[in-house]
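Protein chains in written order, with the numbering used here: chain X, 7 to 725; chain D, 7 to 725.
Honestly, the hints are just simulated from the structure, not real lab data. On a predicted model such as this, the values are computed, not experimentally measured, just so you know. Just so you know, not all the hints are guaranteed correct.
Given that identical chains are not distinguished, each listed pair holds provided it fits within a single copy or across any two copies.
Computed cross-link-like contacts, BS3-like style, restricted to lysine-lysine with a CA-CA straight-line distance of at most 30 Å [stated by the list, open to error]:
| no. | residue 1 | residue 2 |
| --- | --- | --- |
| 1 | 121 | 410 |
| 2 | 466 | 551 |
| 3 | 466 | 410 |
| 4 | 566 | 120 |
| 5 | 404 | 31 |
| 6 | 41 | 404 |
There are 2 protein chains.
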Amino acid sequence: MTTPYLSLKAFFEPRSIAIIGASRKPGSLGHMFLKAVLDFGFTGKIYPVHPSGEVILGVPSFPSVAELPEVPDLAVIMVRRDLVRDALIQCGEKGIRHVIIITAGFREVGEEGKKMEAELVRIAREYGIRFIGPNCMGLFNTHPQYRLNASFSPTQPLPGAISFVSQSGALAVAVLETANRAHMGFAKMVSVGNKADLTELDFLEYLGQDPDSRVIMLYQEGLDDPRRFLTLARHMTPEKPVVVLKGGRSESASRAAASHTGALATPTAIVQGMYRQAGIIEATGYEDFVFTAQAMAYWPPFSGKRIAVVTNAGGPGILAVDALARAGLHIPAFSPQLQNRLRQLLPPEAAVGNPVDMIASATETTYAAVVEGVIQSGEADALLIVIVRPPVNTTGRKIADALKPLFQRNPKPAGVVLLQEWDADAGISVFHDGNLPVFPSPEVAARAFQQAAEYYAWRKTVEVQTQSPSPSSPSLPVSNETLVRNADPRSGVVAPERVLDLFLHVGLPLVPYQIVTQLADAQAFLAEGHTPVVLKLLAREISHKSDVGGVQLNIDTPQKLQAAWEHLARIHREHRISSPLKVLIQQQVTGQREMILGLQREPGFGPVMMIGWGGILVEVLRQVVFRVWPFTAAEAMRMVEELPAAELLQGVRGMGGVAMEKLTEIILRMGELGTAYPSVASLEVNPLIISNDGQHLWIVDARMVVHTNDTSGNNESPS
Amino acid sequence: MTTPYLSLKAFFEPRSIAIIGASRKPGSLGHMFLKAVLDFGFTGKIYPVHPSGEVILGVPSFPSVAELPEVPDLAVIMVRRDLVRDALIQCGEKGIRHVIIITAGFREVGEEGKKMEAELVRIAREYGIRFIGPNCMGLFNTHPQYRLNASFSPTQPLPGAISFVSQSGALAVAVLETANRAHMGFAKMVSVGNKADLTELDFLEYLGQDPDSRVIMLYQEGLDDPRRFLTLARHMTPEKPVVVLKGGRSESASRAAASHTGALATPTAIVQGMYRQAGIIEATGYEDFVFTAQAMAYWPPFSGKRIAVVTNAGGPGILAVDALARAGLHIPAFSPQLQNRLRQLLPPEAAVGNPVDMIASATETTYAAVVEGVIQSGEADALLIVIVRPPVNTTGRKIADALKPLFQRNPKPAGVVLLQEWDADAGISVFHDGNLPVFPSPEVAARAFQQAAEYYAWRKTVEVQTQSPSPSSPSLPVSNETLVRNADPRSGVVAPERVLDLFLHVGLPLVPYQIVTQLADAQAFLAEGHTPVVLKLLAREISHKSDVGGVQLNIDTPQKLQAAWEHLARIHREHRISSPLKVLIQQQVTGQREMILGLQREPGFGPVMMIGWGGILVEVLRQVVFRVWPFTAAEAMRMVEELPAAELLQGVRGMGGVAMEKLTEIILRMGELGTAYPSVASLEVNPLIISNDGQHLWIVDARMVVHTNDTSGNNESPS
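Given only the sequences and the hints, what does the whole structure look like? Please build it.
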């Protein structure tokens, strides 16, 4: 369900706000909350609601919502859990249409809370109320026209260009604390709590259209509607960077996350695939999350990966280079021309390659001159400036003052690693005025550079790529009904000959094969020059053919073929297989590189494509790559490039580079085939063998499972 | 060269100190330095030396060293570079034997500086002076009996149990700043600068014996004497944790490090192998370095990997679990008994599994009760306590006050992730009084837990393991002289038949082979049942046998053998090989797992052993593992366990687990063989093929290179 922009706007831009549960008791939530609203300087009217009708913090309160002198644009409920229902009804009766429910103790505490939460939703629907929460921290908007801090955050935010949607109120508080230390500002923040009505997706959609929000931060635990998330994010990310921190990536944490918000656990690898597909910047940890978002808010697009490091301290400069190099960035040695120029600005003890080590005596003038020289040279796409508290002559603040005009005149992706107490001398706020993000360590800075470089490289490809893939629908030789009717009624497994037939029909590259029932036909196949061949016994009763000797390899003479045939016939008898003997004869192909490909329907996600290495490689390169179907050929190529040890596809050890267009074609055809039939639950190719010259890709075995009447039904989400 | 303990003690515990170059000019180094000494409250006598003889900062100065009223225990020189030589001579003449040279501009700036530095060393030797520097930041000792801050650090250190040796003065300043913010204290610190006389190794040795230094931090760029480092560290680490941050790990940074201190670049993988061998805790980055050291100073030994997470904030708790799980630690679900007990302490909205989410209303009493409950249960080996600034009821400081007695009574590996401004309310110093390290993010905390758990697991094995491996010396069939005489005079390559013979002699498992010159002998070999066989043409002139068809595979009949023989004979003729036809016939063995092993002599390190994956695996598992020879069987086992995807050795995909004792035996025999001959430059086995059942390990090919008169000579360091 899509929520209109204007409907959410009222949450952030109310002219009046009722605080139901405001309290005179210092230390209580109702007291803190009102104090936060007042302290932050809300520009609208404030109506505390408290049964006593007393004056709270200098503001007259009202004994009930009904008695308020006007209908406020927004109400915040923070009364005891058992009083929330009535408060919401009172809001509805009064005509209030936007409510934040702070109170906790609903879905997250079990069945009873779940029922109470459902009742809140029912009431809201009845009155046409949209609400945030319950179990949330509220929201804020730093815009000077509103200055609304409707949250119980003990920390007041600074204004800025970042907006933050959080599934955890406490994480929002933590981020605010870290941000304040770093003098990092926000436009808007909202904590969505239990998401009984409005969800993080509604706010993502809203912030996507909000001109004040130039970078979006999102802390996400469970994904309720991945398809909608993907669609939304895809529209936003080519314009606005979206930085996501996903909580519950590990198994242990996902157990905790489920109990935290009652959210459904989602396979981490699928979520990561979806993030990449959506152009999301996924943070790897807490500091990465905060400081990458901060950098994205200041930096213009990156044009490349060459980083210059300018430092007043040798060791920290070297650590910065180590961290940047590990993050995949380049630290090019400077040209003799540039080195000469820098040499003239610096004492003889300084180093002028890259990093530029200006040594401890560097003043603010030295910093400014060297940084300007590097910028003018065009030899770096971005700059990392390292400052260890200068022993003499200057301070962080003076350096900030000297650098600020440079980056105001000439915006550039540049950041500062500031290795000193972030105190009054440090100049943090001045760096920010100069669009220079400040980082607490070389490693956190390097990660931000890496994320930014990868994001902008991706954005360039998006500009030339179709955003809405519309896959072709293959013409199909059998109907969905026939497919289901002929599948194994219990397992849903489709007969291999049917699967091979479908593959052939849509043009997927099968290894040459034939289904035979007579030895003579097999001999004829061998005689056609398909040598060596492999024989596989086809029988529904035998699921693991290899284990019982049902697969016969390396057959290159009629004698061997006959022996193998007789062997299969004996197994067929011994296992008392009711259907007549049926054998798959295939040309045996070889190649050191094997892959697996799969399409499966995942709850919420719908069809999801997976690729990975096969054969022995799967044991050492277990990581597989996911994408939500459908997607374009360019996206299929990114999938392939994300494989671990993807350089194996380029050709190594005498093997040729793999014909990539053939590989991506197979991925797309599989997606089309798997989704052309609504009943397909999963489709798997294992193995796809790549010839050592890289030019031939053969599907050797495939498996298709459909939902039948006996199986558990279609898991696909309504979308 | 070993430096006596007492000789270095005088640097840290002087009763009097001369400051040559002290200055009245505010902002100058000579002014700042004296001010730091005074401010920190040095307990001994201070003699500023300045030509004017004026009073500086209230302390009378002396016009020259000669005029000092006594011979000070320590002198610090910070005069202009061209005056350093004379100052050092004056110290010598006066009888001063301990000097710190702060002044920069020596070896690090090129040839002239190098010469001047050599002159300082010469003067010091003449007078029996030991000195630190030049180009260093000085040292400090926080012991109340001395309170010496003889450094130009703008930051005064707090007292504590950590001592820090730094190859970069600026990095020491940065660490001090970060440490002060975290209320982390130090016993001693020394910045070694250019290490013209005393090196980080001298100070490591000293601190190893210093009872006040319970944890050692070391920032290292170049390694001058890796063998001595290894010996030293091996003696220290079973008692004292040594945390090392290595600068210059990337190629770009290693270029910078060389110009920074003129240090020799060392292959990173070898250094890492040596660190592991020495029981060193290697930090992965700046914050890891500081906060792991801090944790090691407070924590008693870890007994296991089970971590309990206790939090007042759901999201941050989940991030902590994610980070811990990624770091290889376990976050076990608590028993029903413990959950019941915790349930009684907490409101219904709380979660009592693991993490324990006490929600935002948790007070200091809740923290203390829950933490105590978890400790008493014995269900966790360590605790991570997460605190997001509490909105009401309590503060970080109150929580710290409540937790402190618990950890004073009952020391436990436990730490705090404090997600709020580290201000007066945060209680940082109180946490420290309670032996609770405070971390800035869940990820930094998780890394410290990981490092500590791995270190203490290692320490357990060390206690039962021989510390000084003394490899057996194999009896040798030929002398070193014979080996060298018979090697190729230009390349130093030893003839394959000789190498195989040596391998056989020391009991290394060669695949069955024979060197033959007649087809009849080859046929006899085949007839013995070694089938299939492979033929390899032996000829010094042909270095890449495979490329010219000099390797013939899959020979299983006399006919095929004859054809292959004739093929090799033709190549022999075509390449005009002067020596008679000589062929290596080997049984052809197969196995999906192949390895490479190597021994090489590295400058400074001496013999170094390497193991890695071979065959196609080397393309995807490139990381190899190094150890400095000699080492024990237990260490060889650790090497093997450090291989990437080491689980391949356990047996997967129908392959059996590898006979590990055979593998480690091969590693040790190779080390013994390679070092029994002083002339061996390198010895390589490629491949070692492991049979699929894991029981047979066959050396298929080996290569030995010796130093001959024509080659560059023995690179091994004198040790």
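Hint by hint, here is what the structure shows:
1. 121 - 410: Neither. Shortest intra-copy (56 Å) and inter-copy (42 Å) distances fail the 30 Å Cα cut-off.
2. 466 - 551: Result: close neither inside a copy nor across copies, 48 Å intra and 48 Å inter.
3. 466 - 410: within (29 Å within a copy, 54 Å between copies)
4. 566 - 120: Neither. Shortest intra-copy (67 Å) and inter-copy (78 Å) distances fail the 30 Å Cα cut-off.
5. 404 - 31: between (46 Å within a copy, 20 Å between copies)
6. 41 - 404: between (37 Å within a copy, 22 Å between copies)
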